[in-house]
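Build the full structure now, drawing on both the sequences and the hints.
Protein chains: 2
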Amino acid sequence: MEVESLVLNHIALVVEDLREALAFWGEKVGLPVAGAAETIADEGVDIAFLQLGDARLELIQPRDQASGVARYLAKRGAGLHHLCLEVPSLDAKLGELAAQGIELINEAPRERDGRRYAFVHPASTGGVLLELYERR
Amino acid sequence: MEVESLVLNHIALVVEDLREALAFWGEKVGLPVAGAAETIADEGVDIAFLQLGDARLELIQPRDQASGVARYLAKRGAGLHHLCLEVPSLDAKLGELAAQGIELINEAPRERDGRRYAFVHPASTGGVLLELYERR
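Those protein sequences? They're chains A and B, same order as listed. For the first sequence, position 122 matches number 122 in our numbering, and the numbering has no gaps at all. Counting the second sequence from 1 gives a position; our numbering is that position plus 136.
Since the hints were derived computationally from the structure, they do not count as laboratory data. For every residue, glycine included, the Cβ atom is placed at its ideal position computed from N, Cα and C. Hints are not guaranteed to be accurate.
What the hints assert, rightly or not - If you want the footprint, here are the derived chain B segments under chain A, 3+ residues with CB under 8 angstroms:
hint	region
1	155–162
2	165–172
3	187–197
4	244–252
5	262–271
Listed below in structure tokens is the structure:
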């Protein structure tokens, strides 16, 4: 394995109600809100971030009942959803993981707003949906 | 709400097999192992930590089938289990949360190895088991 430093980018929660969740984690727990809430139309979700040291807490509310997140919420309930780590080279890391038999949801990186990312399947991680970001 | 800086101390996973989980998150993903695995006899678990930037990833394997973590594993399966944030004053934060109607699992701080901690009930957090550490 190459020597590299992996960094936590965010921890994501699925929530029933984004406004209530922002009030809880922001006002009651005390995490600073990081930017405005936004809609990711093609994934059928609304999201918002709070700052958590150098990392962030992502809140995800499904808007579309056909979305993967809506199905997750219906099946598992609200709560912890995924972890996102930053890696120096996403192609290298996905290649390494695939060569070790790790099941990838995205075998090739996807891209949104200039950010390259891919998901690793929970079947290969001990039940954790794992997102990888390429460091920018 | 007082102005304070909240820091992520760790993210905890429940695992079926601590050795396999250490091999996955350590060797395959590439997180540095942080100290030796240890047994917390009174909680019926074995735990180990990996470094994750300034925070840590905690791996928890139940040893005792009567433990809370064993029941969680049987009911929910392996995966994300809880988040732990550090607060400057645990008494102050627990008082603030209780005054806002947040349900606490530990109304008074507990202590282990000189570390003061308490858990907040997932019923009040949108399904997230939340641990609070007092900063040392």
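Okay, the hints, checked on the actual structure:
no.: 1; hint: 155–162; in the structure: holds (count 3)
no.: 2; hint: 165–172; in the structure: holds (count 3)
no.: 3; hint: 187–197; in the structure: holds (count 4)
no.: 4; hint: 244–252; in the structure: violated (count 0)
no.: 5; hint: 262–271; in the structure: holds (count 4)
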